[in-house]
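S.K.: Here are the chains, one letter per residue:
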Amino acid sequence: MDRNQIGKWLRSPQKMSNKYSLHAVYFCTGCGIIEIPPSITTRWDAERFGIIPAPNPRQANLFLITGYVSLKTLKAIIRTYEQMLEPKYTVGFGSCPINGGMYWDSYNTIKKLDKYIPIDGWIAGCMPRPEAIFVAVTHLWTLIEKDMATGYIKYRKNYKQYRANQEKIYGSLDWPPLYK
Amino acid sequence: MKEITYINPVLLIAVPLALAFIIPILKFVWEKSIKWIPVAGFLFDLIVSITLIPIVLQKNIIVKIGGTTTPFSINLVVGPAGLLLSIMISLAGFLVAIYALKYIQEGDKTKYHILFMLLLTGAIGVVLTGDIFNLFVFFEVLCISSYALVGYLGNRAGIESSIKYLIQGSIGSSLLLVGIGLIYGQYGTLNMADLAAQIKTADSISLFVPMFFMITGLGIEAAIFPLNSWLPDAHSSAPSSISAVLSGIAIEVGLYAMMRILFTIFAAESFMGFLLFLGVITLLIGEMSAFSQNNIKRMLAYSSIGQIGLIVFAFSIATASGLSGGFFQMISHTLNKALLFLATGFMIYRTGSMEISSFRGLGKKMPLTALFFTIGTFSIIGLPPFVGFASKFLIFKAALAKQELLFIILIAVIILTTVIEGAYFFRIIQTLYFKESDDKSSKQESAITALIPMFIFALLILILGIYPNWIMKFIHSAASELLNKMSYLRSVLG
Amino acid sequence: MDFLYNYIYYIGAFGLILIGLYILLVKHNLIKMIIGLSILETGVNLFIITLGYLDNGTAPIFSKENLESNMMVDPVPQALVLTAIVIGLAVLALALSLAIRLYDSFKTLNLKKIKEQKW
Amino acid sequence: MNILLMILSAIISLVTGMFFLGLARKIMAMIHWRYGPPIYQPLIDVIRYFHQRAVSHGFIFDLGIIISLIGSLLVVFFLPLGNISSFSNSGGLLVILYILILSPLGLALSSGESANPNASIGISRKLILTLSYEFVLIIILLSLMSQYQTISLQEIVMLQARKVWSFASWKLILPGIAYLLILPAMLGFRPFEIAGASQEISAGPSVEFGGKYLALNTINHGLLHFITIALFVNLFLGGGDLFGIFDSISGTFWGSFVSLIIFLIKMILIFVISVFINAVFPRLRLEQATKYILYYPLSIAIVGLIIVVAIN
Amino acid sequence: MILFYMMIFAFVGAFLIYFAGKSFPRIKEILAVVISFLLFLFVALLYGKDFQINYHNFLGFHLFLRINMFSWLFALTITFLGFLSIIFSLSYMKDKKNNAFYYMNMLFVNIAMLGIVLAGDLISFFIFWEIMSWSTFLLISYKKGSALPASMKYIIMSIIGSLSMLIGILYLYDLTDTTIISQLSHIIRFINKGDVIFVVILFSIAFGIKNAVIPFHNWLPPAHSEAPSPFSAILSGILIKMGVYGFLLLFYVIIGLDIIFHLTGLTIVLNVLAAITIIFPTFLAILQNDAKRLLAWSTVAQAGYIFMGITYGTELSVAGGIFHFLNHAIFKALMFLAVGAIEYRTKGIRDLNSLGGFIKKMPFTFAAMLIGAMGLIGLPLTNGFVSKWLIYKTLILNGSPFLAFAALIGTWGTILYSYKLIHNIFLGQLPAKFENIQKAPFSMKMPMMILSTIIIFFGILPGIPLQFINKIIVSFGYHPLNVSLFGIVSDSGNLNIINILAATFVIGVLIVLFFRSGRKSVRVDQYDNYAAGSFIPKEKYSYTNSFYAPLDRFLNSFLKDYIDIFYCKSAALIRHFCNGIRKIYTGYVGSYVMYILLFLAVLIFVQLNWSVF
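Chains as they are written, first to last, in the numbering used here: chain A, 72 to 251; chain B, 2 to 495; chain C, 31 to 149; chain D, 4 to 315; chain E, 188 to 800.
Just chain A, with the same shape it has in the complex:
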């Protein structure tokens, strides 16, 4: 731990702990999941940054969407995102969540994920290597430190719009709105 970090810890423990304790939910739909095991095991060892896979969204604060998002999986993504506790951060992993990637013309794939849930950052590439994840994480640290990773606040503020977008696809969702 840096000596000057102690001051930061004392000043804002919330921010610091959010930075150094990123428990991730991996949303493993596409080929992106293949990059995850090397990143958390011996070769790249994500745990030294405090990143470990969380067993469920309630205990996580980082949401990694790895791979293309189909109509069907979007529902699960929304549900999982809503169940995560605030503050929470989302990272789209690979080009598919960004713009559909190689499925850009598929009728069944979501092209603009951030219409439905807020995304704090993207990792481009098809596929990005594990190093890219760590670069993204350091970027995310910066964003958290600068209070710029505010996706969850955006979601809360514009919930009606997000919900409308979601319902546009599905007609109606099973679960009640998260915010009134």
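A couple of the hints might just be wrong.
What the simulated footprint calls covered on chain D by chain A, stretch by stretch (three residues with Cβ under 8 Å from a Cβ of chain A suffice, anywhere in the stretch; the number is not a length) [what the hints assert, rightly or not]: (1) 54 to 65; (2) 175 to 188; (3) 212 to 223; (4) 289 to 300.
Calculated cross-link-like contacts (lysine-lysine; reagent style DSS-like; alpha-carbon spacing at most 27 Å) [stated by the list, open to error]: (5) K403/B to K534/E; (6) K547/E to K436/B; (7) K137/C to K112/B; (8) K79/A to K294/D; (9) K436/B to K209/E; (10) K444/B to K770/E; (11) K251/A to K547/E; (12) K547/E to K145/C; (13) K182/A to K225/A; (14) K182/A to K239/A; (15) K707/E to K365/B; (16) K707/E to K79/A; (17) K380/E to K436/B; (18) K547/E to K444/B; (19) K236/E to K444/B; (20) K380/E to K294/D; (21) K281/E to K365/B; (22) K707/E to K225/A; (23) K331/E to K444/B.
Bear in mind the hints are in silico, worked out from the structure with no lab data behind them.
Values in this document were obtained by computation on a predicted structure and should not be read as measured data.
Think of the CB as a built atom: it goes at the ideal place given N, C-alpha and C, for glycine as much as any other residue.
Given the structure of chain A, go ahead and fit chains B, C, D and E onto it with the hints provided.
M.R.: Structure of chains B, C, D and E alone, referenced to chain A:
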């Protein structure tokens, strides 16, 4: 010494007998009144018997008929034991007669009442007589009228049971007569006291053969295993009022006669050990056969066999307390079984079936009848505070007072039978109260003339259950009279 | 042969009783059984009569002079038998009337076939 | 004085518990040939949890987890830590056995209220597993109590100091082995990581815990590690005593301090062994675990108890 | 004579309820409550009295009523629980037909039990015992349907027990010539040991059946589960404890300490039975899926603890046994009442697999159930803890580790099934069909509240009941325990509840403060729940079905109620045999004639050959 005046006990026999034969005459004069004749007759008997109690408790009343001196005359010996039974008989007769006012609707009512009176007159005669042949005659009166009454309804079951009963009963009376003949041939007397005075023990062949003949003959009426095959048929096929009398009175009178002969005439102490087993076996067979019966009257009949077994057991203990227990059990059985049969009678009458399963929900439809039935079952199982408990308690006490391993084993068997008894009686109670019936018709209580006797029986069961001491003195003296041969002799022969 | 001579009545009486019992045991027909009953009763009656019987005895009435009491037959058994006969008659009558009713109901008199009341 | 001791032991146990959690992760990482998280990583996690906006499923959801933590802390007070013992003189081992119940029960209530089937499955597994190792634990405790003829843990530790460590006494060697065998199960380590199986049933009982609930749960977890191992050290390894070397300074402040240090060192040793076991074993199924516990440790413990009873 | 008048008053009152109920439906409930409360008051006022009166003469036996500390404690518990369960019944029985009958029998049972504990001689003990048996039979049958076989089982076992007791009483009478308890205790020392053992066995059958000690327990689970719930509370709380009372009376009052524990092997046998009674039903309870049946098995197990306590025979164990009787009466009654409230609101559902989530609808009932379960487990600060602690301690220190093992492992089993009960009823997902369930009515809440308060009260201040118990065990001839208000002082490990209480309180406050300092949480409903990213439809997301499935699989193959199976099999055998026996009545006259002749022939033949008669 002041002579105490009392009503002549002969009237106990004579009045009902006379009334019985007035009935056919009365039929032409005033037909409606005939059903009240038995009520009046037995009420008279009851009152007379009760007035006799204080006198009899002091000394036996001997009534000589025919005027000659004792050994040669026919005489009545009204001892406590006889009087006790005669009270029971007249009480049961009185109450059952009230019951029959409404209950007997079909058949030739005149004949019913005549036969009913004859039956009980015979019973009273048996218990009061002091003459062995007279006993036979009264016994035959009892038997023949009961053969006829079993078949009174004239249905298939009645006729069949009646004829079977008749065949077995006749064999029994023939055997009894043979026994009497053999005794008479040896001693030339028929007076029980005189015979008793001459017979010390019954171990010579010339004595125990007649004894066996008489035991077998009386045992058929007393329903001792294996002589009781007629009983379930007869008791279940007869009209319920008759079943009540047969179960409550007839078999007990048979048993009384048997015990009288065994204790007083033969003083057969060693035979009692055998009778002990016979009693327990009778009890066991009776209760076991009742266990899985579906016909309620048949079940009650088998239960009577069991109860008789218990009484035999109690008498066979052959101690004063054992005999008291036996007498108490007799009283309790008369009350219980009469109550049960009376209640059952109207329950069968209302449902039209003897199947236990058809009694579902009767607790609601006939609440009082069902309540009385419940009291009867509780009492017969031996639950306090009913009279059955007191009697069973006395028997257990008497048996355990012997302090022998044998008695403990036999008691264990009796417990087993009580458990079986509990099992089947509680099943009926559950059927009555806790099973829903299919038809939703409204209350159909028994007739009031049926409820009154049932109520009196139930009340007696409860009162005697709580205050058994009230009759204990009487029972003790009855027991000691039966047990104590010498005092009987002295009182009769002077 | 003395034995036979002395006890001929007893033998006869018990013979009758045994015959009656045999019939009751073996025969199925109700009428035959009633006959058996009658024979049984007759045997018993005969037995009781025999008890008081004396060879060449007279009636127990002191009608003649020098009549010893041991010359008379015993009157009591006769009285008994009289009663017993009456009773027997009553039973017989009842039995026969029941037999008629039985036949009406069951159309048979074979008791092996009339077993509704059992167990 | 007592209050001070209580605060002291609470702090020691909390710190040690969190340290154990971090240590476990670090050692595991090292065995995996990884660098691993910093040893204070669990603390960071707890702080993070504590600042998150949790969801609650109801009153018992809150209360249960609090009860659980109360239970764990209460046990700590009953355990002598070296020479420090707050009130180990009010009920003894029996009370400890009972208060040990509180913690899982509170957790169970809390996660039951969360109405998640994963939680229920986890609780069900946890209780069954606990039942099976409790067979062994009870027998072990009974052999100790019969051996020393007391139900006070304090006295047991004192008697050990006076005589010889339980583990070194041949009569109690079998119970000691049995305790070691069920230690992973009590710690919830592999091969007995059945209740909180994170991959299979999403962390089981704590599936709906987030935010401060998870924070309390993590603290509780650490405390449970502490308690389990402290109990073992107290029962078999002579507590804060090291073969009587430091008897001369016992009773003084330094004596207490030294004994506390010795106590902690012993605990760490045992914990490291357990983590090694955790690292190399795969997970068993519940039936296998139950069978294992009921076959080997139980028979060993029963033999031990019979020996103890027979000798006494 | 006050005792006698009290009994008379109660009996008359019971009849009055029945007949009043026929004409004025409302008045019977008022009457029932008033009478039961008056009984409670009477008994409470009799505190500290010690006398006996002769009230009746039955067949030459003088019947006595008697009161002393020992019977007072039991009488108070009986009347108190009777009062509470009658209050509970007010709403439970409201819609039922024929509830005058119910109230009458309820009072009968209570009075009979009161009679049992107040009986001063064995005959009146027996009479009240039997009255209790049959009125219980009627009450168990009350719910019809499957209650009927249950009550059959009960009454048959009960008859067996009471008859064997009757034999025992009479046997004792033959030996000592008295049935009065106070005299018996003087005379019994002159009887030889064999007779004492025989009497003890006979009585033990009766008391064991009531107390559901293992070979005689089979009536209890069906009876408890099928009876109306307020009565189940009585049944489990006090009725089976009449067995306990009987054992105490027999061992400590009649036979006395100096004899009973010198009978060879007797205590060992009884203790082993108690141990089996603890372990075996505990594990059976875990496998149950019917709430009341689970509680019933638990009752068997807890009765095992009490039995263990009173048969172990040290002062700690006897005190623990009596105290556990008191505690068990309270918490088991509470739990039965709570289940009864659930049953009442769900219209008779008590299948654990189909309930769940009731905490949101019936929070009060949940609290009551939780406190009851805590008492049952014996967590510190509840009353069950102290009594169990006493029993364990004496078992361990007196060198019976295996018995202690049974007791302790039983506690763990208790945790499993109590948690199952709580979880499957109150926790987990609330099925949609129960969305409109209402809270328990006040007349149900009140008894539960009182009982819960007592559990906590006794748990924190165990000294108060223990002082009464101290007097009882002193009257048995033991040394008094050294009881303080908060616990027990002794050489080998003290118990001090106040420490635990203080520590709990302080830690609790700290943790709550710590907890509240965290970020405030959001309340979500049960459907906002992790389900791997999906939204699970209602009714589909519950794990109440076969809660301990692995344990079920593990135990089911070899853990069955073998004794019940044995009894049922032998009953079937007897039935079969009975059916065979009555075949001798063939229906053919010839065979009947043959019986007659055979009988005669055998008699004569036997006598001629062997002259036995």
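S.K.: Check each numbered hint against the structure and report the violated ones by number, ascending.
M.R.: The structure conflicts with hints 2, 4, 5, 6, 8, 10, 12, 15, 17, 18, 19, 20, although it agrees with all the remaining ones.
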